[in-house]
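Trainee: Take a look at the letters that make up each chain.
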Amino acid sequence: MNRVHSVLRRWSTRWLFPIVALMLGGCAGPQSALDPAGQGAEDIARIFWIMVIGATIIWITVIGLAIYALRLKPGPHHRRRSGVWIIGGGVIAPTVILTGLVIYSLAFLPQLLARPPEGSLQIKVEGLQWWWRVTYLENGEPDFELANEIHLPVGEPVEFLLSSPDVIHSFWIPALGGKVDMIPGRETRLTLMPTRTGTFRGVCAEYCGASHALMNFTVVVEEPEDYQQWLAEQRSPARQPAEELTILGRELFVSSGCGACHSVRGTDANGRIAPDLTHVGSRHKLGADVLPNDRASFERWIRHTDDVKPDVLMPEYHSLDAAELTALAAYLESLD
Amino acid sequence: MQTTENDPEPLPEAPPLEVRRTQEERLLKAWETPKGWRYWSAVNNSEVGLWYTVASFCFFLYGGVLALLMRIQLAVPENTFLTANQYNQIFTMHGSVMMFLFAVPIFEAFSILVLPQMLGARDLPFPRLSAYGFWSFIIGGVFVCGSIFFDAAPRGGWFMYPPLTSSYQSDVGADIWLLGLTFIEIASIAAAIELIVGVLKCRPPGMRINLIPLYSWYILVVAGMILFAFPPLIAGDILLEMERAFHWPFFDPARGGDPVLWQHLFWIFGHPEVYIIFLPSVALMAMIVPTFARTPIVGYSWVVLSAVGTGFLSFGLWVHHMFTTGLPGVSLGIFSAASQAVAIPTGVQIFCFLATLVAGRVVKSACLLFVFAGLATFIIGGLTGVMVAVAPFDFQAHDTYFIVGHLHYVLIGGTIFPIMAGFYYFFPMVRGKKLSERIGTIVFWLVFIGFNVGFFPMHISGMMGMPRRVFTYPAGMGFDTLNMISTIGAFILAGGLLLFFFDVVRPRKNEPYSERNPWNAGTLEWLAEIPDKPWGARSIPEIDSRYPLWDQPNFVRDVDEGRFYLPDAKEVLRETIVTSVIDARPIQCLRVAGPTFITVWAAIFTGGFFILATYHWWTSAVISGLLAIVMLLRWAWTTAPIPEKDSKDVGLGMTLPIYVSGPNAVGWWAMFITMTADLTAFMSLVFGYFFYWTVHKDFPPEQHQGPGVFWPVLSLVLFAASYGLTLLSHRWNREDNAKMFYGGIIGAAVLSLGGTAAIIAGPWTTNLDPTSHVYPAIVWVLAGWMALHGIGGLIMQLYCLARRAARRMTAKYDADIVNVCLYWHFLALTVFITVGVIAGFPFLA
Amino acid sequence: MSRISDPEYMQPTEEQDRFWILFASPTIWAIHLLACYITAAIWCAKFGETESAFTTVRIAFAVYTVVALAAIGWLGWIGYQQQRRVTDKTPHDDDTPLDRHRFLGFATLLLSGLSAIATIYVALVAVFIGSCD
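Residue numbers (our numbering), protein chains in the order written: chain A, 247 to 582; chain B, 870 to 1714; chain C, 330 to 462.
None of these hints come from the bench; they were simulated from the model. What you are looking at is a predicted structure, and each value in this text was computed from that prediction instead of being measured. Where a beta carbon is used, it is the ideal one built from N, C-alpha and C, also for glycine. There's no promise every hint is true.
Subject to a maximum C-alpha distance of 20 angstroms in a straight line, what follows is the list of computed SDA-like cross-link-like pairs (lysine to any residue) [as the list claims (entries may be wrong)]:
#, chain 1, residue 1, chain 2, residue 2
1, B, LYS1566, A, LYS531
2, C, LYS375, A, TRP476
3, C, LYS375, B, TRP1562
4, A, LYS319, B, SER1234
5, C, LYS375, B, GLY1301
6, C, LYS375, B, PHE1559
7, A, LYS370, C, PHE376
8, C, LYS375, B, LYS1681
9, A, LYS370, A, TRP476
10, B, LYS1566, C, LYS418
11, B, LYS1681, B, PHE1559
12, B, LYS1517, B, THR891
13, B, LYS1233, A, ILE309
14, A, LYS319, B, VAL1232
15, C, LYS375, B, PRO1570
16, B, LYS1233, A, GLY321
17, B, LYS1566, A, GLU433
18, B, LYS1514, B, GLY1301
19, C, LYS375, B, GLY1195
20, C, LYS375, B, THR1563
21, A, LYS531, A, GLU545
22, B, LYS1402, B, GLU947
23, B, LYS1517, C, GLY377
24, B, LYS1566, C, ASP462
25, A, LYS531, B, THR1563
26, B, LYS1608, B, PHE1560
27, C, LYS418, A, ARG326
28, B, LYS1378, B, ASN1321
29, B, LYS1402, B, THR891
30, B, LYS1302, B, VAL923
A few chain A positions that, by computed beta-carbon distances, are all more than 12 angstroms from chain B [unchecked claim]:
#, residue
31, ILE290
32, SER328
33, GLN375
34, PRO470
35, GLU479
36, GLN480
37, ARG511
38, ARG529
39, ASP540
40, PRO561
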C-alpha cells in the first residue's frame, strides 16, 4: 500500500499538481484547500484531484452512452444485448472502482488521524461565540494566551486540543489540513504539519449563531527563529504606555471596566470572558479577522460593536467622547 | 406474454347499454365530489392529492424566493442587503421548507394522486387519513413559514444543532421548528402508512408482485423508509423541546447531556431523508423512460434490487455527516465504506434506464429532456457524493460550499428535474391538457443552464475555503467572482422555473382536451378518461402484464364497458378491491369513506396542540389536544361499520366478503405499520439511554438513585396481566361470551390504569429530578413514554367495550379488538424494554 | 422430467413464497453494520486506553463478518435455486406463479449479492484501521 502511495505521490507532484495549477491558477488564496501549505492538505488535495479526474472520465462515459442511446443509435438494440449494459456499467464497473476507492481511502485514514510524536508542540484552542481563545502549552501546562491568531514553526507537527464552552464550532485552516469540530463537553484533537511559510486564514466551519461568518483567525507559518522570537514577545507582559495619549487611554481602559472581561498581562486587567489583549496591537487583524488592525478600527469596534459583529456579547461604549475614544484606541494599538 | 390458464377473463360481451348507464349513474353518485363550500370536505385521492401537490409546490416557490434572497446577499462581498439574523433565518427556513414542506410532501402528494390510478384502485384504503395528513400539513406549513414575517423564524439551521438551539436561542423560533415540523412529520408518517397499505393490499386482481409498476416498488420502499427514518427525529425533537421548555438537560454537557446525541438522531433521519426524496424521482423516471422508449423496462428485477438495496443501505450512512466530530477512525471507516457501497445500486438503476433507452425506439419530448437533465446533473452529484464519502476528503469539504454544490446537484438534479419531467408527463392525466412542448424546451434550457451556472462554481468556492451558512464573506479570498456567477445562474434558473410555473397555471379554456393516453403509455394510470371521471377506473381490471395497455388486447374497451370487476355501485357506496400481498388475489370488497369535515377538525385541534405548546400556553394546548383525541375517536367510531350483508358479488362470478378482520384487513396492516414507527421512536429514546452510558464513565451516576425496582416491576406485572386479559377478552368476544368479555375488558382497563400509575410512581417516589442531570431526565422520558402508551392502551380497551355495547362490534365482526390486541403486542414489548432498561440495567452497569 | 408435470413444482402457490425473504439479506447487512459500529464505539469508549482493546474489536469484526456472510450466502443460494426452477432463462416477466416465484428468487439473489459486497466493505475497515484513534 505504501509503495502505491509513494508512487502516486511522486507522480502527482511531478505531473498532476503543475497541470492542475495551470488549469486553475485562480485557486490560490490564503484560505484555499487547493493551495496546500501543510502535509494533510497536500495529501487531501492529491486525493481530490485524482477523484476529480476519475469522476470526469466516468461522467463523460455515462453521458456519452446516454446521448448514444437517446440520439445516435441507428436502431433499437436487442433487449438481451442491452442487458449487458446493466451488468457491465451498473454492476461490474462501479464495484471495481468503488472497491479500489474504499481500500485506498481506508488505507489513507490512519495517517491523517495519527497522533504526533511525543513532545510535539501543543496548542489549546477554544471556540467561543465568535472568537478563538488560543493557549500555547508547555509540557501540557498553559504557557501564554492570545486570541484569534496562531503562529507555527514550519516543518514541525503541531497538535491542537480543541474544545468549546458554549456552542459547537469547527476549527479549520484549509491551507494546512482538514477540520475538526469543537464540541461542548468534549475535547477533540487535530494534528497539522505546515510545510511552507506564509500567512493563512482559518475559519469556523460549523454554524454557531448570528456572527458565524465573522469568526476567523490568522495563521502565520514562519521559520523556527522567527517563531522563537514571536514566542518570546508573546510571553512578555504588555508594553507600558509612554505617550500622553496612550497613558490616558490606559486610564480609560481601567475606568471603563474593560478589565472585567479582558486581560492585559502586566496590568490589573485580568478578565477571562473576552479575548486577551496583552499584545493585541501586534496581531494581523481585529475582531476575529474582521477589521484591519489600526486605530480607526479600534474606534469603530468600541463604538459600533454590534454593527461590526451582530449579537456579540461586548456592549457598545457610547459614553466615551471622540477624544477619549481615540485615546483608548491608541492605547490598544500600542500593545504590540 | 404468458399467463396461467385459470386467470379470469373479462366478460365476453359488454352489458347492455341501458344497464351500463344505470351503473355509471350509481358510480358517479357514489364518487361524486362535494360542491360549494363542502368541496373541502372531499377525501377522495384525486382531490386530496391535487391539493397536496399544489400546496407543496407553493412551499417550493416560497423556499425558492428565500434562496434568491440569499443569492442576492452573497452576490458581492460584505453585502448589507440582509442582516446576519435575517440571513440566518432565511437559510434555516430555506433548508427546512425544501426538505419538510416540499421534497417529502410532493412525493406523497404525487403518489396519493396517481398511485390508485396506477393500481387500478378506486381510492387508497384510508382516504380520511390522507385528508387528515393534508390538513395537518397545510396548517403546520403555514405556521412554520409565516414565522419569518414576524422576524421570529427559527435560525438554528435546518439541522438545529444544540446547544446553540437549546441554550443560546431563547426566542420562539426553535420551538416553532421543533413543534411545527414534528406535527408535519406525523402527517408524513400518516401518508406513508396509507401508501404502504395501498401498494401491498389495494392492487388490481392478478397484479402479482413481479408485475407491479416500478413506481409502486419505489413508493413501497420509500414509505417504509419513512417509518424508520422519521421516528428518530421525532424522538430527538421530543428531547430537544423538553430541554427548551422544561430544562431537562439532554444536550447540556454541564449536567451530563451530550450535544452529539442530537446529531446521531438527526442524521439517522437526515441521511435516509435524502434517499426518501431522491427515490420517488427515480420512480418517475422508471415510468417515463419505458413510455418514451416504447419498450418495457430492461432489467425490472435489477431496478427492484436497487430500490430495495438503496433503501436499506441509506440507513448505514448517517455518520458521514459527522466525520469531523472527532469520532474514532474505525467509526469513520465503517460509515465511509458503507457510503461508497450505496453508489452501486444507484449505478444499477441509471444503467437500467440507459439499457431501456438503447433497446427502444426513443420518441422526443420535453419530458425526456428533463429526464436527461436529471441524469446529467444527478450523476455529478452522485460522483461528488462518492468523493465526500471518502472520509479524508470530507475533512476538507465538510461544511463548505463544495457540499452546497454537491447536495444541490443531488437534490435538484436527482429530484427537481425528474419532478418537472413528471409534471409534463402526468399533467394531461390530471388536467386533461398537455403542457406546451415549445415552452418546455425553453424551460429546459433555462433551468439546465441556470442550474449549472449557479451551482457548479460552488464546488470551486468550497474548495477555496468558503464555509457554508455564512451571511457574508470578505473580498480578496477569491470568492467574489464565483459567487457573482452563482447568483446570476440562480436567477436564470429562477427565470426558467417561473416560465414553467406560468405554463402550469396559465388558463387553458380554449385549448382542446388532449387525447386519452396521450403518450401511448402502457401502465394502468393511463386508463383515466379525459376529462377525468371521479371513479378512477370504470371497472377494476384483471392484470396479466406489467404494461396491460400495451399487452392485453381490447383492454381499454373492456375496462370502459364494465367487463371487469366492480362495474357497479349497487348500494351507492364507495368500494374498491383489497387483494393479497404476493399474488393480488381478491380477498375483500372494501368500502372506503366519503366526504367528511371530521378530518379537518381533527387536524385543526392536533395543530392547535402543537402551535399553542410553542408559546407555552399549556392549558389551551392540553384542551386542544384532548379535543383532537375526541375527534379522532369520533372518526374511528364510524370506521369498519357492520355491513348489511356478509359478502357481495363483485362481477366475473366472484363473491367477496365486505368485512374482514385480522391480517387480511387493511386496518390491521395500518395498525401494524403505525406501531412499527412508534416502536422505532421508542427505540431511539432507548438508544439515547445507552448513548449516555457509553459517553459517561459512571452511568447511572452514583449520586442519583434510579427509579428503584419495586414500582417498575409492579407496573410490568400489572401490564402483563392487562395484556393477558385483553387477549382473553378477544377470545371471549369471539366465543360471544358477553359476560366474560365485559368482565375481562373492564379488568384489563383497571390493570392498565394501575400499571400506568405504577410506572410513574417509580421515578416519582424516588424523587428523581429531571432537571438535575441527564440520567433522571432520560429515565423520566422512558417512563413517560410508557405511561402515555399505557393510557393509549386503556383508551383502546374502553373503546372496545363501548363498541360492543353499541353493537358495532360483535363476535363475528371483531376487527376492533383484533387491532387493539395488535397494539397490545407492541405495548407489551415497550413495557418489557422500558422496565428492563430503567429498573434492570443499573444492576448490569 | 417428471417434475415438469408436477403442478405444484410448476405453479408454486402464494403461500409457498415469502415476501420478507427479499429483505432478509439487507437486514443482515444492517445488523452487521450496527454490530460492528456499536462494538467499536463501546470498546473504544470504555477500554480505548488499553492496547488489547482493538484486538478484541478486530476479532469481533471477523466473527460478525463470517456469520453475516454465511447467512447472506445461504439466502443467496436459496434465491439462486428458486430463480432457476424449471429453466435458467431470465427474465421472469409473465403472469404465472412460476414467474413470480422465480422473480422473488432472483431479486433475493441480487440483494444478497449487494449485501455481501456492502458487508465486505464494512469488514475491510478492521483490516486497515488498527487503533481507537
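Trainee: Out of the numbered hints, which ones does the structure contradict?
Mentor: Going through the list in order, the structure violates hints 1, 2, 5, 7, 8, 10, 11, 18, 22, 23, 25, 26, 28, 31, 32 and 33 and respects the others.
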